[in-house]
Each structure stands twice: as C-alpha cells, then as structure tokens.
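Peer 1: Based on the hints, put chain B in the right spot on chain A.
Number of protein chains: 2
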Amino acid sequence: MEKFLIFGHKSPDTDSIASSIAMEYIKKQMNEDAKAYRLGEINNETKYALDYFKFNVPELLENVTSDDHVILVDHNEFTQSANGIEEACIDMVIDHHRIYNFQTSAPLFYMAEPVGCTCTILYELCIMNNITLTREIAGLMLSAIISDTLLFKSPTCTVKDEKVANELAKIANVDINTYGLELLKAGTDLSSYSAKELINIDSKLVSINNVNIQIAQVNTVDINDVLKNKSEIEDAMNLEIKNNNLGLFMFLITDILNCNSQVIALGNRCDVVEKSYNVTLENNSAFLEGVVSRKKQVIPIISENI
Amino acid sequence: MEKFLIFGHKSPDTDSIASSIAMEYIKKQMNEDAKAYRLGEINNETKYALDYFKFNVPELLENVTSDDHVILVDHNEFTQSANGIEEACIDMVIDHHRIYNFQTSAPLFYMAEPVGCTCTILYELCIMNNITLTREIAGLMLSAIISDTLLFKSPTCTVKDEKVANELAKIANVDINTYGLELLKAGTDLSSYSAKELINIDSKLVSINNVNIQIAQVNTVDINDVLKNKSEIEDAMNLEIKNNNLGLFMFLITDILNCNSQVIALGNRCDVVEKSYNVTLENNSAFLEGVVSRKKQVIPIISENI
Numbered sequence: 001m002e003k004f005l006i007f008g009h010k011s012p013d014t015d016s017i018a019s020s021i022a023m024e025y026i027k028k029q030m031n032e033d034a035k036a037y038r039l040g041e042i043n044n045e046t047k048y049a050l051d052y053f054k055f056n057v058p059e060l061l062e063n064v065t066s067d068d069h070v071i072l073v074d075h076n077e078f079t080q081s082a083n084g085i086e087e088a089c090i091d092m093v094i095d096h097h098r099i100y101n102f103q104t105s106a107p108l109f110y111m112a113e114p115v116g117c118t119c120t121i122l123y124e125l126c127i128m129n130n131i132t133l134t135r136e137i138a139g140l141m142l143s144a145i146i147s148d149t150l151l152f153k154s155p156t157c158t159v160k161d162e163k164v165a166n167e168l169a170k171i172a173n174v175d176i177n178t179y180g181l182e183l184l185k186a187g188t189d190l191s192s193y194s195a196k197e198l199i200n201i202d203s204k205l206v207s208i209n210n211v212n213i214q215i216a217q218v219n220t221v222d223i224n225d226v227l228k229n230k231s232e233i234e235d236a237m238n239l240e241i242k243n244n245n246l247g248l249f250m251f252l253i254t255d256i257l258n259c260n261s262q263v264i265a266l267g268n269r270c271d272v273v274e275k276s277y278n279v280t281l282e283n284n285s286a287f288l289e290g291v292v293s294r295k296k297q298v299i300p301i302i303s304e305n306i
Numbered sequence: 001m002e003k004f005l006i007f008g009h010k011s012p013d014t015d016s017i018a019s020s021i022a023m024e025y026i027k028k029q030m031n032e033d034a035k036a037y038r039l040g041e042i043n044n045e046t047k048y049a050l051d052y053f054k055f056n057v058p059e060l061l062e063n064v065t066s067d068d069h070v071i072l073v074d075h076n077e078f079t080q081s082a083n084g085i086e087e088a089c090i091d092m093v094i095d096h097h098r099i100y101n102f103q104t105s106a107p108l109f110y111m112a113e114p115v116g117c118t119c120t121i122l123y124e125l126c127i128m129n130n131i132t133l134t135r136e137i138a139g140l141m142l143s144a145i146i147s148d149t150l151l152f153k154s155p156t157c158t159v160k161d162e163k164v165a166n167e168l169a170k171i172a173n174v175d176i177n178t179y180g181l182e183l184l185k186a187g188t189d190l191s192s193y194s195a196k197e198l199i200n201i202d203s204k205l206v207s208i209n210n211v212n213i214q215i216a217q218v219n220t221v222d223i224n225d226v227l228k229n230k231s232e233i234e235d236a237m238n239l240e241i242k243n244n245n246l247g248l249f250m251f252l253i254t255d256i257l258n259c260n261s262q263v264i265a266l267g268n269r270c271d272v273v274e275k276s277y278n279v280t281l282e283n284n285s286a287f288l289e290g291v292v293s294r295k296k297q298v299i300p301i302i303s304e305n306i
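Going line by line, the protein sequences match chains A and B.
1 is the number of the first residue of the first sequence in our numbering; add one for each residue after it.
1 is the number of the first residue of the second sequence in our numbering; add one for each residue after it.
Chain A on its own, in the form it takes in the complex (with noise of 0.2 Å):
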C-alpha cells in the first residue's frame, strides 16, 4: 500500500490531474511513497495532456478512510473532495483557492498561492527542494498553468503563472502559444458529451449561507454549438438541482477566443445572478460580458448579493 493517496477536486481539470501526477513524482524524487489519484472522469482537454507527454491516466479513488494518509491538491474544500475526507489524515495541501470547509485535527504541511495554477506552486515547490523536472512532467505542469489561466487571458492569472510557464516550457521544449491553442482546442470538442455529462465536465458544489450552489463550466469556441442542446442541458441540470437539494445551478458556456460567457441559470435562487450581474434572465440565460473565471468573477460575486 503507498504511503501518500494524491488527489484533486470531483470533476477533475488538468490542473488537478497534473498537479496530483506531478506532487507523485515530487515525492518519489524525495524518496516518499505516494500515488496520484483521480476523483472522476478526465475531460478531452486533460486526456490530449497525458497523450501529448505520454502519461496513463491516474486510477480512479472513490472513498477514502481513517487509515489514509492524503495529499489534497488544487483543492481544499471538503465538498468538493473524496468520500470520507473528514475522517483521513490530511497530510498536506497544495492549493490556490479560498479556504473553506476545511479543518483538520493535527498540525499539516499547507501551501497556497493566489496565483492562476497550482503546478505554479509546485514548481517553487520542486526549486525549494532541488528537484530536476523531466521534460514530461514539465510538460503537463505546463499545460496546467495554460488551462487554468486560458493561455494567461483569465483574470485569475499572475506575473507568476507567466514567468514559471516559460520556465516549463523550454524544459518541456515546445512553444507555449502553438502547443497552448492545441490544448485549449481539444477541451473544446464536447461533441462527444451527453447533457448530463456535459454540466460534469469541470463542476464546483459550494454552500454559502446555507444555500447550495453548483457551478459548472464549459469552454468552447462556438456559445451557439453548445447552446443547441440547451433544452437537454436544463433537463439534467434540473434534475441534480433535484437531488442535491441546490438553490442555484449555474452553467457557463465560456467562449476562450473572445472571453466572454453566456449563463445558463435554473434553481430558485436565480435571482442571485441577475442582482450579482445586473443582467435579465431570458429562457434562463444571459450573456456575461468578460466573465471566464468562476473563481475570481463568479464565487465572490454571487457570495457577496446572497
């Protein structure tokens, strides 16, 4: 049995696919026993990451327990982690976002950076300890830090994310605007989602004051494409609405050329994203100008007119 179980957040991205895969290699080169995990399916933009630097997709965990020790990645929120992470040993966290819903019993190893990526932190993290990256692993941090920041356009974004993404890239020899157009073009191809996988693909549950709110993404280059099965996609959405007990679901559609979103909304709570968008909701949907990250433009927003 390895020693550390490493994984990212329910409806895996690439950055938590990547930073579990490489925090793996990070703690075998420090001679730790450890293996990344996923918690769910991969999407196409991740899956064309792994074949690009030819690594297997990680094995799928779907419980943990008292007797685990685990390294949560891109993540600390525990709605958003494995069954049972109240009651494992939470061993270390390397995380960008917010801290909530969390807590732990003992003293652990936390890191966390308001930059766009976690393999941002990752590689201050292999610097600190002198660790050499191969060019694979270079590689798929590096498509990490492009997924998350949309190829640096996503406000979530830093002067970091920049910087260590040209540092992965030359070791990962490729060129970031070629190879990031690539990358973020295949997360695009949804033609081959049903609706109800389609609002799973990169989906977050949170709970703010009480009410709980899932917020899914899609990215693509055509909001119209998508927007054909839209009456499917409020079937499903209305049924997770149903059995997660949510106030709110909200569906972005992010076109990545342009940078803007279009919103499906259902739940009653929708009133939440006119007020927080000063937008109307027509057919449960509205167009908003400049939005990409839910993190930065769309979590802060909706917690502050709740």
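Worth flagging that the hints you see were computed from the coordinates, not collected in a lab.
Ideal placement from N, C-alpha and C gives every residue a C-beta, glycine not left out.
There could be a bad hint or two in this list.
Result set (SDA-like, lysine to any residue): computed pairs, CA atoms no more than 25 Å apart in a straight line [to be verified]: (1) B:K3 <-> A:M111; (2) A:K163 <-> A:Y52; (3) A:K3 <-> B:T158; (4) A:K10 <-> B:A106; (5) A:K295 <-> B:A88; (6) B:K28 <-> B:C89; (7) B:K275 <-> A:D67; (8) B:K160 <-> A:D91; (9) B:K28 <-> A:I127; (10) B:K160 <-> A:C89; (11) B:K160 <-> B:C126; (12) A:K296 <-> B:D91; (13) A:K185 <-> A:Y52; (14) A:K230 <-> A:E282; (15) A:K196 <-> A:N245; (16) A:K160 <-> B:A34; (17) A:K296 <-> A:N258; (18) B:K295 <-> B:F78; (19) A:K296 <-> B:E87; (20) B:K153 <-> B:I176; (21) A:K47 <-> A:A186; (22) B:K228 <-> B:A195; (23) B:K163 <-> A:I127; (24) B:K296 <-> B:C259; (25) A:K296 <-> B:F4; (26) A:K28 <-> B:K163; (27) B:K242 <-> B:E197; (28) B:K295 <-> A:E86; (29) A:K295 <-> A:N101; (30) B:K295 <-> A:L108; (31) B:K160 <-> A:F4; (32) B:K160 <-> A:A106; (33) A:K10 <-> B:T104; (34) A:K28 <-> B:M111; (35) A:K185 <-> A:D255; (36) B:K153 <-> B:L227; (37) B:K28 <-> A:M111.
Over 10 Å on every C-beta distance to chain A, these chain B residues come out as not near it, computed from the model [stated by the list, open to error]: (38) D175; (39) Q262; (40) A286.
Peer 2: Quick look at chain B alone, frame taken from chain A:
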C-alpha cells in the same frame, strides 16, 4: 496607514511576538508596508528576549475591520485571533497549527508546516526570498524556537527546528544552551502575576464538539511554588468558566526542567481529563507524567475523549 497588520494569537507567547516582528522585517525587505502588533500583554520570557535583542514591545491591537489587510502568524483559528477577524481581508497566514475555525472569501498565501515553531517557517521564507537577517532579528527568531520547543525537549520539536535554531544562533552570535536556559528561566518568574493574570499568560480557547475549552499553561522550575496560590487560581478559573460558558478549563503548570505537568481542571467536563490521561483528579488536580505540549499532548488527546 500601513498596508498589512501583522499579529499572532491572543495571550501572545514569544513565537507570536517574534513572528510578528520578523514578518514586518521580511515585508519591509520586500518593499511592502507592514506593522507588527500584539493582541495582549507580553510575558516575562518574551520581555527578556525583546530586551536582550533591543526591540520595542509591539503596539496593542484591539480590533480589526473589513478595511484591514492582515497577516496572521502562529495561529489561524478565529477564536484565538483579533476581534472582527471574520470581516478583515486575510492576505497571508504563516503557522504551525492545525487548521480549524478558519475560512476566507478569497485565495490567500498560506504557509504552514508541522514544525515546532512559526519562526522556523519564517526562516525558510527568508531563504526562498534571499532575505538576509540582522543579528537582532535572528536572535529574536531563535528565542521563539527555544521557547516553543523548550530548548528542543518538547515532542513538537523537529529536526528542522533544531537545524534552523543552529543557523540563527550563528547569526545572532549567542550560545544556544546558555542563552536558552536564561530565556526559559526568565519565563518562569511568575512572582509579579495575579491569579487572573497567571491563567492568561499563555491561554488558548478551543471549541471541540460544541464544548468550549480553555487550556492555559505556565512554565516553572518548581510546581509546588505555583500551587501555593491554588485557591486563588481556582477562583479565577471559575470566573472564566462562568463568563465564557466553558465546559472545561485546564491549567497546566509545566516543570521545564523535568518535563512534566501538574494540571488543575475545572468545569462540568472534567471527566474528559480523567479519561484522557487515565488519572483521578484529587482536589481538582493531577500529575501528568511527560506532558509538556498543549498542541501534541493535550488538544488531540482531549479531542478524542470528549
């Protein structure tokens, strides 16, 4: 107005004060405006360290507001922090405790390690940022490590604490054992304290399973000398129990030479102490063999038995 307000926990110990001053120094070296504060009266040990290395006592801080940007050192739990902390913008935390009763609305810089002292982590932060320490700052940080680890004898002490202390001692140009014993001895001079002050020198309030528990600790070289005032101490403890709706108040009198503690326990949940340490309280008191660390040998044990 300074940009960042820096402070450690209520009932400040040497680490809380030294970490605040060291963090102010670090921020200033990085050309950022910051000021160290304290959340309560300093103890005789801290006074000795400040005098020895020629620092002023930091200004007292009563409250923080939503306009304040703050840096927490040596704590994270809101119950141990400044009044109004829920509203303030927490930009940074440097700590070595479990994460509990803590949350933020935005991403932040959080650096925690399961080491004996916050100043050990701050030393690493200096190395990461190429910050050179003065003799005085190094001496103050060394004092914090000596204090928190009882000169490396506490079970909370790690290899890293001892290594960093040796580096700091070189810069501060002091002999660790000679200076360390003088420092710890200064902290055992309890003659100037009233019973009410005594139970507040180093006191932490924790909430476990909705039971409010206060755990105070004093260092001594003679347990019986402190027990001379047992009746007044118990009166002061009972007043705190009434005022703060405590289920349990534990007052630990720690013999720093022999590394044991005598506990006085009051409140309607004294059963937890008896169960945790397999002792019978006689006249509200019991001898706890080998117990010196609230963090490692009290909080986790009583948490399990409540």
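Peer 1: Which numbered hints does this structure break?
Peer 2: none
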